[in-house]
Every structure is written in structure tokens, then in C-alpha cells.
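S.K.: Below are the chains, spelled out letter by letter.
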Amino acid sequence: MRRVPRLDAPRVRIEFEGQSLNARRGDTVAAALLADGHWQFRTTPVSGAARGPFCMMGVCFDCLVEIDGVANRQACMVEVREGMRVRRQRGASDLGADDSAIDDHGGAP
Amino acid sequence: MATGRHVADVVVIGGGLHGSATALHLSRAGHSVIVIEKDRVGRHASSANAGGVRRLGRALPEIPLACAALDTWHHITDLVDDDCGFASSCQVKVAENDAELQAQRERRDTLLALGFEHEEIIDRAALRELLPAIASHCVGGMVVHGDGHANPFLTVQAFRRKALALGVRFLEGAAVTEIGRHGETWQVKSVRDDVQAPTLVNCAGAWGGRIAAMLGEQAPVQPVALMLMITSRVKPFVQPVVGAQGRTLSFKQFDNGTVLIGGGYQGRAEPDTNRTHLDFRGLSASATTAAALFPGLAGVQIVRCWAGIEGVLPDNIPVIGASAAPGVFHAFGFCGHGFALGPLVGRLIAELITTGRSSLPIGAFDIGRFSSSRPKDTGA
Amino acid sequence: MKDHYDIAVVGAGPAGMAAATVAAEHGAGVVLFDEQPLAGGQIYRALSRQTLADRDVLGPDYYHGEALITALQNGGAEHVADTTVWEVTPEREIGISSGGIARLLSADQVILATGAQERPFPVPGWTLAGAMSAGAAQVLLKSAGLAEPDAVFAGTGPLLYLVANQYLKAGIPIRAILDTTPGTNSLGALPHLPGALMGAAALLKGRRWITELRNAGIPFVNGVEHLKVTGDESVTGVEYAHRGAWHRIDTNRIFLHQGVVPNVNLAMATGCTHRWSDAQLCWHAVTDAWGESDMAGVAIAGDGAAINGARAAEYAGRITAYGALHRCARLDAQSRDRLAKPCRQALARERRGRAFLDRLFRPADQFRIPQDDSTIVCRCEEVTAARVRASVALGCIGPNQLKGFSRCGMGPCQGRMCGLTLSEIIAQSRKVPVGEVGALRLRPPVKPLMLGELAALAVPPEPEPGEH
Chain H
1 MRRVPRLDAP
11 RVRIEFEGQS
21 LNARRGDTVA
31 AALLADGHWQ
41 FRTTPVSGAA
51 RGPFCMMGVC
61 FDCLVEIDGV
71 ANRQACMVEV
81 REGMRVRRQR
91 GASDLGADDS
101 AIDDHGGAP
Chain R
110 MATGRHVADV
120 VVIGGGLHGS
130 ATALHLSRAG
140 HSVIVIEKDR
150 VGRHASSANA
160 GGVRRLGRAL
170 PEIPLACAAL
180 DTWHHITDLV
190 DDDCGFASSC
200 QVKVAENDAE
210 LQAQRERRDT
220 LLALGFEHEE
230 IIDRAALREL
240 LPAIASHCVG
250 GMVVHGDGHA
260 NPFLTVQAFR
270 RKALALGVRF
280 LEGAAVTEIG
290 RHGETWQVKS
300 VRDDVQAPTL
310 VNCAGAWGGR
320 IAAMLGEQAP
330 VQPVALMLMI
340 TSRVKPFVQP
350 VVGAQGRTLS
360 FKQFDNGTVL
370 IGGGYQGRAE
380 PDTNRTHLDF
390 RGLSASATTA
400 AALFPGLAGV
410 QIVRCWAGIE
420 GVLPDNIPVI
430 GASAAPGVFH
440 AFGFCGHGFA
450 LGPLVGRLIA
460 ELITTGRSSL
470 PIGAFDIGRF
480 SSSRPKDTGA
Chain W
490 MKDHYDIAVV
500 GAGPAGMAAA
510 TVAAEHGAGV
520 VLFDEQPLAG
530 GQIYRALSRQ
540 TLADRDVLGP
550 DYYHGEALIT
560 ALQNGGAEHV
570 ADTTVWEVTP
580 EREIGISSGG
590 IARLLSADQV
600 ILATGAQERP
610 FPVPGWTLAG
620 AMSAGAAQVL
630 LKSAGLAEPD
640 AVFAGTGPLL
650 YLVANQYLKA
660 GIPIRAILDT
670 TPGTNSLGAL
680 PHLPGALMGA
690 AALLKGRRWI
700 TELRNAGIPF
710 VNGVEHLKVT
720 GDESVTGVEY
730 AHRGAWHRID
740 TNRIFLHQGV
750 VPNVNLAMAT
760 GCTHRWSDAQ
770 LCWHAVTDAW
780 GESDMAGVAI
790 AGDGAAINGA
800 RAAEYAGRIT
810 AYGALHRCAR
820 LDAQSRDRLA
830 KPCRQALARE
840 RRGRAFLDRL
850 FRPADQFRIP
860 QDDSTIVCRC
870 EEVTAARVRA
880 SVALGCIGPN
890 QLKGFSRCGM
900 GPCQGRMCGL
910 TLSEIIAQSR
920 KVPVGEVGAL
930 RLRPPVKPLM
940 LGELAALAVP
950 PEPEPGEH
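Protein chains in written order, with my numbering: chain H, 1 to 109; chain R, 110 to 489; chain W, 490 to 957.
If you are wondering where the hints come from, they were derived from the structure by calculation, not from laboratory data. Glycine included, every Cβ here is placed at the ideal spot set by N, Cα and C. Some clues are possibly wrong.
Some chain W residues near chain H, calculated using beta-carbon distances under 8 Å [unchecked claim]:
id, residue
1, E524
2, P526
3, Q606
4, M621
5, G624
6, L630
7, G634
8, L883
9, G900
10, R905
Produce the entire structure from the sequences given, and follow the hints as far as they go.
M.R.: In C-alpha cells, the structure reads:
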């Protein structure tokens, strides 16, 4: 995609699929990826079909990517942050690593 | 518009799984059957439950029924020409500490003494082999091989289709308003058509108490909204159906990768409007339980929550069997664990009606246990 | 953030901003929740960031939102951004999620101002990467100053022409515009013309956009009867039928749009009754003169209730705020009526052209109810029209049974992209009105919630006896 003349916004560097990518402050992750020419954000868990953003407003859930290790993030709803690591979501998400941060209240209800 | 009048050998009130299964078995035994359903077939508990098919952890009187039911499930296609999404590996109830494991051993011993061998105890290593993703603090558990789960919606629709094919008639949108006895027949009036039959079966689930009351019988059924939640698709990580000894949990992963989490947290049921309301405090506790046992789940998304309306009785076992009233039979109030028993109970009711006897002991489920005036029936 | 407010508003578009500002003006404790980092909703999205250097690109209608945003910022409402509202209970307990933390709070009155979303546009290939909605193109332009050269625009409705026009102003070349407005629509719209002429400015604006696009030499095809987006992994072209003949344009990018519909998920999940509108071909909230739904204390304002546009939404927002203020005893009935009166007049004015626009840009049946059975209807679960129709043949009478048979509507979008299509396909197959078929039964959470977040749900302490 092409940038239309705009008021300056500082650059923000993020990573997509291991490659460095320059975004602008205020870009959503989706905008940053599109600006860099990436239109396929994930493959579906149902058939493996390639999908990308459709609505850009959080309604279609097609722009799902993994951000900083967390899956199922809507790229169009998350603003870029310096050092963010974004990966395509491939099929169903993985079960996460052991997360002992969950407060286990324990016992029967 | 003139009210339609239908006549049959048997009228079944309630078109859920129990009503449809009862109708199916009755039809196979040569009776003409009409099922009268206030909404749509399978609208309530039958489509909204967790789909567990188990012998594990059953109340003692239910064990013979559950064992027979599992046999039926393993050949369900023979019965309804549909596999109903039945999948079986095993059901596991996880013990999180030694006291819980000990309680499980005692339970296993009790069952062995009664002649039931299906519940086995497994140690920490065996648990980890069955459930690689289980939390590290779990010390073992109880397992029943051959237990599993099925798809509630597909199941009740399969029973409905087969029943239809066998000549059962279904009247939907026909809430029962009045039941009266005329000579040797029961006259069931509804908001739509009326049905007349010498034999009546009450399979009205959470509304079973209301139907019983129309027949002059007591059954303190409490309509409850048991809450369930389902996740987005996750790569396969668990095959067995999982419960916990010390917490309320029912947990299973389907072929499509979604994980169903339930187990007894209640929302609010409105049986008059069919509405249920979710209580997120309860769902939060449910999520906490799930994440405590499967830590990797914390990052998984809950996509939907719901609660059907189920009927619960104070002693947590259903009403099954003949009524004091002539020609009336009951099968309702399965307390959130009736799905697995549905196909089997339908057969038992059909047996009772056709031969006068049930091939399995159902005395403990007698409706009379709630009546102060009626003498307790202790027979099998 | 407090545990309890007098009035909670959901959505910071024109209706929500106006409602929150007015409510705070009259001394109520007001909180305004919104998913975006900045107020403005979709129509005024990213306005306060002043992304584009040239204000002519987006046009004066966009910048009209500045006054609303300023008023909100200067007023007393607490604006809580980057926050999803996933539940509103009948008792007006509110479940929110912000920064990965979920919590519950409550309010005496709730105003839902969830705005509009684009109508689904189920044509073969619409799920391919490279196909986006025209609204998406506009969001990218507004919020990131991004545009895609040589894209094809296809569909109908004012937003399509507006975005194309904004591209024109920004100097971005457009490959072609394929207009699917049925030729017969103009005839059907004629009876509504007198009303529309009262709102002539809007009509003339639309005409001007189209004229400018044509004058710029952009290929403009009217009366497109069918569309097919082609490609394997991503878009390689679009095929369209025009006067019975098929044509093809090679392109990697297509922007689809056929109107907007209310974003009803939260209102429906809350239990508010909705009615099918044949005029707008979507679900309308059933509300009284103050916007209150049949869930006591829950009002719905703006395009989230029925599509009337951004200007109308401001006045609707004000009216529901006056209603809510009265219901929580911040405003007596006389003052409420007096203050609402000019808003009602303005609202009536803004609505004048609506019936005409609805009729003029009414999307054709074949674009709402795909006849090509290979078309994916449920994008999340990849369920085709064929499968939907087969389920109806098996006895599915409505979308909720369809869920059981086919998983339609069970994906993360929770029916937002397929719900309308499902109800209409079923209605057509069963030959019954859409209102009889009904909508997907929606429940909280209205957006997926991370399990860990739900586990750690922060719950306000039980009130002491004597407290509210």
C-alpha cells in the first residue's frame, strides 16, 4: 500500500515473521503489515486457507495474528509498539506454555 | 381454527432426548406414539449439555444403567443410523492431592465389592501419560476406559429422525395445558392440538415437576441453568474427557480442536420464558479450575458461553419408573447428567410399558420417594 | 475507574459521545467505554490524531466530528479507551476487558451506542486475501494514511462512492467501480423523493461524488448483476456479469461494500428484543421514544438501533441521555421533554432522506442471498451456501438449529459476518418472513475473552446492606 501525505508520526520498529519492519506511531498492526506489502495474515484452522484483514474494525476476526507469543489477536485492533513481535497464525492456536501466573483459588466452589 | 385431535397408544410429553428415545423404543415394540413438545425437539437440555457419556463417578443406583448405556453408545449407529459424534477413549477424574486419591481408592473398593470393575485408579506417571498437558501438582486419578462423549444436538436430532422414520408423530409448539383422565385414556390438552392415549410418559425434563403436578404427583424438580463455555480451536492436546475429584469440572476437546468446559456452575433459569442468564462469577471460577488443571489454557480464547435449562432433584438422581396413576410413567430430572442415559432409559420405559417390567433395577428412582403419603417402594 | 456509575455509555461514536457529554453536563456520573484508543467511532476514527496533511482528502463531513470530540474531552464524562464491553446483564452489570484484564462494574442506566458495521457481501471469493471492505479502505486512509492504488471498488451505497471520492482527492488511481445498485431501485425510490428533497444537500453530495468519479475517467459499470472474486491463495481478479455478459478485470485488490447495518451483538446478547426491518433489511432494536429497550434501563442510540447516519446519531444520543438522566432522577420529566424537543426536531430533519436512500441503495437479493452454492457464507467456519441449504432441507428451521448442524455462527466473529445472510437464506428456502426465522441467539461474551483473563475476573466487593 502507498502512504498518503500525512503529518509526521515517529517510526516504530516491529518484527513480522522474524523480519524487521518500520511502522508509524498510531498504526495498527494490520496497517503496518499492509503498508509493508503483507496481505496474508493467517491460515484458517478449518481448511488452511490464507486469510487477511477484511473489515479493519474488529468485526470479521480474519486478521488474527500472534503478537508477542499470544495468539488470536486482532491485528486491526492493536497499535504497534516498539519491539513488538508479530507472527502469522497458522491454523489452530497452540496450547500455551505452563503459566503459573494464574491465581488458583483452589478447591470446590 | 378447530383443535386437532390425535390418538395413539402412548403419548410422550417432552421432545428431548429422553422423550425421543422413549418414543423410538416404544415404536420398535409396536406401539403407536405421539410426542408432544412445547418448543422444538431437543430445544433445551438435550442440545445444551456437555455431551459426556460415562460410567465414571455415577451415583450407585445409576451404575447398572450407565453400564448398559455405554454398550448402547458403542453401537449407537445400529440404533439410529448415525454415529451421533460419539467418541470414546476414556474419562478421567483427576486427583490433585493424596487425600483425593485416597478417596478415589475407597470409592473403587466400594464398587469392586458391588461387582463393578470399571473404575480404575492410576498413579502420577500413568496420569501424565494419559494427560500430558495436566498440571504438575496432580497426583493421579480414576479412569474408566471406554467412556467418552458425543454431540448432544446431533444425537437428539438423530433420535428424532429415526423415530419419525419408525412412524412416531411429533407435535411441536404444543405446551401442555391440562391432563385429564377419561375412562381408560389420558386426555392431554395443549395450546395446539389435543392428544388421547391410554399410556402417558412424562419426559418433560426441567418441566417434569409441572407435568407430575398435573397428574397429582410430587416431584420437587428445580430448573437450573448449568453453564458451559467453548474455546476457539486449539491444536489437539487432550483425548480423554476430564473431571476433577475435588472441583466441579467437565472438560473435553472435540475433533475440531475446540474445548468445552463445564461442570456445574449455575446461571439463572427462567423456565417460563426459556431464557437463561449467565453468571460470569461462576464462569470465572470455571475458567480458574480449567487453567489450574491445564495451565497452558490460560492463553486460549473463550468464544461462547451458554446455559440450557435442566431439571435437578434434591437427591441428585432422576425420576424413572411407573407412577401411582394408572398408565403413567416418568423419566425426567436427570440433574445435569442424563445425556448418556437417554438412549438406555428410553428402552427401559418401553420395556416397562410393554412387559410390565424393567430389565434393570430402577426402584431407587421411584417418584414416590418424594411423596409423604405414598409408601416407599423398595422393590427393584 | 469506579465500581458503579449513574450512566454507562458503550461506544464513542457520535451517538455515544453526544450521550456521554450531555449526561455529564447534567451532573450524572458518566463513563464512556470504547474499543478504540481515540474517541470518534468509525465515522470519525482517528480524527484527533490528524493523520492526513490535506483536509480536503477526507472532506468536511469527517472533520465535523471535531466539535463532538472536543465537547467530550472538555466535559465530565470519564472516557475509558481501548476497552471492550463483553457483557451487559439485565441488572446492568457490565463486563469489560482492558489491557488483558477483565472486570465487572455496574450502572443505573446503560446506553448502547455500538454503531454500525458493514453488511456482509457474500460473493464467491470474498474471503480471499486482498479482498477487503470499502470501509476498511477508509479506515486505513483515515488512521494510517494508507491507500491501495489500482483497486477495484464494487457494490452499492453512499460509503462506496465516498471512499472512492476520497481516493480521488488523495490522488490514488482506481481501477474500476462496479456498481451493483439494481437498475429498478430508482423507480422504487421515487415515492420517497419528496421527503428526500427536504434533505437535498445529502442527495446532491452523493451525485457530486459520482459525477467527479466519472469525470476522472475511472471505468464505471452500472447495473452489475453478479460478482465473483477469483484467485487461489489471494485475489487475482474479479469477474462480473453486466447485461447478461461476463467480463473480467485482473486485479489483486478489491474493496467491497453494500451498505451498513446496525452492530447489534451487544444489544441482542443483553436480551433486547429486535424486529426485522424490511426497509433496511436488518434487525432494528425495539425501543420507546427515549431509546429505552425492553430491558429496563438499557437504551440504544444511533446507528446501533437503526441506520440513520452520523448526524442523526448525535441527536439520538442526546435524546437517550435525557431519558436516562430522568430515569436515574437527575432530570425531572418537564426539563427532560423541553431539552429533548429541539433534538427531536433535528433528528426528524436528519431522517428525512433516509427512506429514499434505503430504497435507492437497497442491495439486490442475489448479493445478500448468494445463489452460487459454492459461496462461503460463514467465513469463520468456512460453511458454504450449499451446506446451509442442505441443513434447511434436513429440517433446520432457523439459524440456531443451523449452528448445531453446521457450526455456522460458532466462530470468533459470533455471527457478525454471517448472521444476516443465514437468516435470509433460511427465510428464502423456507418461504417464510425473515422475522419468523429469527436471528442467531447471542450470549455474552460478545467478543472472545481469554480464559486466563476470565479466570482472573475482578469483581467489585458486595455492597454493604444499605448501599445500592
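S.K.: Against each hint, give a clear statement of whether it holds in the structure.
M.R.: Here is what the structure says about each hint:
Because the smallest distance between the Cβ of E524/W and any Cβ of chain H comes to about 6 Å, under 8 Å, the interface hint for this residue holds. Interface restraint check: P526/W against chain H, minimum CB-CB distance 6 Å, threshold 8 Å, status holds. Hint status for Q606/W: holds, given a least beta-carbon distance of 5 Å to chain H, under 8 Å. Satisfaction of the interface hint for M621/W is found here, the shortest Cβ-Cβ separation to chain H being roughly 5 Å, below the 8 Å cut-off.
At its closest, the beta carbon of G624/W sits 7 Å from a beta carbon of chain H; the interface hint therefore holds under the 8 Å criterion. For L630/W, the interface hint holds, since its Cβ comes within 8 Å of a Cβ in chain H; the closest pair sits about 7 Å apart. Of the supplied interface hints, the one on G634/W holds, with its beta-carbon coming within about 4 Å of a beta-carbon of chain H, less than 8 Å. The closest approach between the C-beta of L883/W and any C-beta of chain H is roughly 21 Å, which is over the 8 Å cut-off, so the hint fails.
A cut of 8 Å between beta carbons decides the hint on G900/W: the least distance to chain H is about 7 Å, and the hint holds. Because the smallest distance between the Cβ of R905/W and any Cβ of chain H comes to about 5 Å, under 8 Å, the interface hint for this residue holds.
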